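Heads up: the sequence lines are chains B and Y, in that order. Okay, so the first sequence: first residue is 24 according to this note's numbering, each after it adds one. Okay, so the second sequence: first residue is 205 according to this note's numbering, each after it adds one.
The hints are simulated quantities; they were obtained by calculation from the structure and are not laboratory data. All values reported here derive from a predicted model rather than from experimental measurement. Even for Gly, the Cβ is constructed at its ideal location relative to N, Cα and C. Among the clues, some could well be false.
[Stated by the list, open to error] A few chain B residues that face chain Y, going by a derived Cβ cut-off under 10 Å, partial list only:
{"id": "1", "residue": "G56"}
{"id": "2", "residue": "D78"}
{"id": "3", "residue": "V273"}
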Amino acid sequence: MLPRTLYVRPSGLSEALEALEEHGPGARVIAGGTDLIPSMRARTQTPSCLVDIQDLGLDTITRTDTFVRIGAACTFSELARSSIIRELFPVLREAALAIGAVQTRNLATIGGNLSSAVPSCDSAPALYVLKARLTLISLRQQRVIPVEEFFQGPRRTVLAPAEILAWIDIPLPPHRSGAAFLKIGRRKALTLAIVNAAASVCAAKDGSTVEDATISLGAVAPSPLRARKAEAVLRGYMWSEELVKEAAEVASGETSPISDIRASADYRRELCKVLVRRALMQAWERALGGDQR
Amino acid sequence: MKQAIRLVVNGTEHSVEVQPSDLLVDVLRDTLRLTGTKKGCGTGECGACTVLLDGKPVNSCLLLAIRCEGRQITTIEGLGTPDSLHILQKAFIENGAVQCGFCAPGMLLSAKALLDENPAPNEMDIRQGLAGNICRCTGYVKIVKAVSSAARTMSGAEGGGR
Numbered sequence: 024m025l026p027r028t029l030y031v032r033p034s035g036l037s038e039a040l041e042a043l044e045e046h047g048p049g050a051r052v053i054a055g056g057t058d059l060i061p062s063m064r065a066r067t068q069t070p071s072c073l074v075d076i077q078d079l080g081l082d083t084i085t086r087t088d089t090f091v092r093i094g095a096a097c098t099f100s101e102l103a104r105s106s107i108i109r110e111l112f113p114v115l116r117e118a119a120l121a122i123g124a125v126q127t128r129n130l131a132t133i134g135g136n137l138s139s140a141v142p143s144c145d146s147a148p149a150l151y152v153l154k155a156r157l158t159l160i161s162l163r164q165q166r167v168i169p170v171e172e173f174f175q176g177p178r179r180t181v182l183a184p185a186e187i188l189a190w191i192d193i194p195l196p197p198h199r200s201g202a203a204f205l206k207i208g209r210r211k212a213l214t215l216a217i218v219n220a221a222a223s224v225c226a227a228k229d230g231s232t233v234e235d236a237t238i239s240l241g242a243v244a245p246s247p248l249r250a251r252k253a254e255a256v257l258r259g260y261m262w263s264e265e266l267v268k269e270a271a272e273v274a275s276g277e278t279s280p281i282s283d284i285r286a287s288a289d290y291r292r293e294l295c296k297v298l299v300r301r302a303l304m305q306a307w308e309r310a311l312g313g314d315q316r
Numbered sequence: 205m206k207q208a209i210r211l212v213v214n215g216t217e218h219s220v221e222v223q224p225s226d227l228l229v230d231v232l233r234d235t236l237r238l239t240g241t242k243k244g245c246g247t248g249e250c251g252a253c254t255v256l257l258d259g260k261p262v263n264s265c266l267l268l269a270i271r272c273e274g275r276q277i278t279t280i281e282g283l284g285t286p287d288s289l290h291i292l293q294k295a296f297i298e299n300g301a302v303q304c305g306f307c308a309p310g311m312l313l314s315a316k317a318l319l320d321e322n323p324a325p326n327e328m329d330i331r332q333g334l335a336g337n338i339c340r341c342t343g344y345v346k347i348v349k350a351v352s353s354a355a356r357t358m359s360g361a362e363g364g365g366r
């Protein structure tokens, strides 16, 4: 039995924002519900009103000349199935398929995954390295923020009461760039990450200098993090396995993992080195056109 | 406060009164008496409560019934009948893919959705398609075999389906 709550199912964004405003700070958006419903069952969340956003048209993926817009209510199954995502952002497809299992991916949404803001959030590292921007909308304002400014710690985000994460914009990938996502959990499905990692690289025209690199790690800090020192190790240098290894070591040093039921902090630090190295290698291969799938 | 909603289950429209907090699995089992859908963990991890929502498998323990108005729900009762079993159900029996039976409704519906999307899955496709369904008896080998054998039968049968 779940705690009793009110329920509204608005048919448009402004109606949804009004409902959130009207029902006050106890009102919660429900998208997939895969996190919210178990939290209600455990009584860690007891919303006074659920605002269902399934009819707001926020479940589409559209491509413009410069970016791809993903509605926050887009499910991970839809993401994984999308030909736009498959072609342009295999890194995001990999993250989508690393989440839950078929049933959960058919319900869970990318906006919900971000808004739950757990440290192991699988979509975040992929969105970090793709330099995604989030649009947050309330009755009073509409603001756009880089995805890495969204999180404020475990289960805390910058979302204000009565504000909705509406969509996610990802710039089209530059030429000679590639990205990859990797996750290690205790098993291959329906599990939280022990560590997850994503990397993107952009090769210079010579095909051997690293023009740009972005590295992100999850489940090793209060929020998903950018390994900026490790990125600086790569940027502007000639690509080599030794350089990648060094960057992976530096990235591991930027984390602050805890020991919990899934793994020890030491194990997580070791995993960081392995996953960052592998993600970089795969990203580089894709940047040079070896593997776009 | 209870609200009247219309639920379309296995092609039949039902008028039911629900609390907004009522889960689909409970409404199916307790109100509509469709007890083929099982309730296991209640947190979306075991897959025993799997139903199809607009043809896609979902955990009915994570879904509020009130959110399902206007959507098509398929439960195990809609897959086949004792007199006319679905090819997947026959394959489960023939391959000994059922022991205690608690996971079977969910397994079958996940398998149905998999074959609808991918009529010729390999073993990895089947294992990934069923990754959200836990079986504590069989060790999965016979279940995977059954799905594979059903896929072959369906692709051989004219028009597929039942």
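For each hint, the structure was consulted:
no., hint, in the structure
1, G56, "6 Å, holds"
2, D78, "9 Å, holds"
3, V273, "35 Å, violated"
Checked against the numbered hints given earlier, this structure breaks only hint 3.
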